[in-house]
Amino acid sequence: MEFTSILFYVFALYFIGSAVLMVTSRNTIKAAMFLILSFFSVASLWLLLEAEFLAITLILVYVGAVMVLFLFVIKMLDIDKSTVRAKFTKYLPLGIVVSVVVISQMVLVLSAGQFDLDNSMGPVRHAADFSNISQLANDLYTLYVYPFELAAVLLLTAIIAAITLVHRKEGRSKKQNIAEQISVQAADRVRLVSSSPSKSKESK
Amino acid sequence: MIVLSDYLILSAIVFCIGLAGIFINRTNIIMLLMCVELILAAVNTNFIAFSYFGSDIAGQIFVFFILTVAAAEVAIGLAILTLVYRNRGSIDVDVTNSLKG
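Protein sequence lines, in the order shown, are assigned to chains A and B. Note that my numbering has the first sequence beginning at 39, numbered continuously upward. Note that my numbering has the second sequence beginning at 307, numbered continuously upward.
No wet-lab data here; the hints were simulated from the structure. Backbone N, C-alpha and C define an ideal beta-carbon position, used for all residues, glycine too. Hints may be right or wrong, so weigh each one.
[Claimed, not checked] Just so you have them, the derived chain A footprint on chain B, three or more residues with Cβ under 8 Å:
| # | region |
| --- | --- |
| 1 | 307-313 |
| 2 | 316-324 |
| 3 | 329-337 |
| 4 | 361-372 |
| 5 | 381-395 |
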């Protein structure tokens, strides 16, 4: 057995094990930690598949930003564990049945050799100085430049949406008081002052 | 020798674990979001495996965009979650039933 095969099985075991522990964990903090472990193992699998940039991005963006955001929200909200625990086992049989059926279908289809996937496709061996990042960047900034810019716009929309949603309205933002606007009289807004120009010059 | 279908079966298994997680943790919105992240990781593994074995970089670029969209989704999802908690005092899915007829 090759060394990379052993690595694949080790990381696959970590991936599946941490995924199972994550979905069955009743403590949300523990679930988030197991999700981080599964992200690390899937990043290792991506490294085996020579997708170095995406593996590093997954660690930096997902573990470094998204999971920290998750943990932040979990710690900020006071989640009532008793209600979660009471409903935990209610849908467990249904979930197990559905996932076992889907797994068996996929394994049967994929391992039957119908598509001849394993023979028709094989990895191309690259030289030692081959750069995944420069290859990715070459395509991303030429062929896929419009989707790239759209992704930037999407992130901007997400920033605006998240801030607008969570921003506290009271006191800090200007808000219409419609009843007050409708019931306003001319006397409230316009004040007629009689003054002569000469007097105002003198006052200066 | 690890072949393409090994990676496909692995990601199918993790996909189904995430699917079962959505069934199991049906009431906790945070757990639902985390299960979606797990499912996305499994699907991205599929894309990268096809990219590696098919020697086509387009799969990795697609994963790049999936990561972007998922990050935006998590940011907005957690913002909505915070709003639900602020208004209802709970993140139970069954509490947020004001649109129910």
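Checked hints:
1. 307-313: holds (count 7)
2. 316-324: Since three or more residues must qualify, the claim that chain A covers the region 316-324 of chain B holds, with 8 doing so at under 8 Å.
3. 329-337: holds (count 8)
4. 361-372: holds (count 8)
5. 381-395: holds (count 9)
Consistency note: the structure conflicts with none of the earlier hints.
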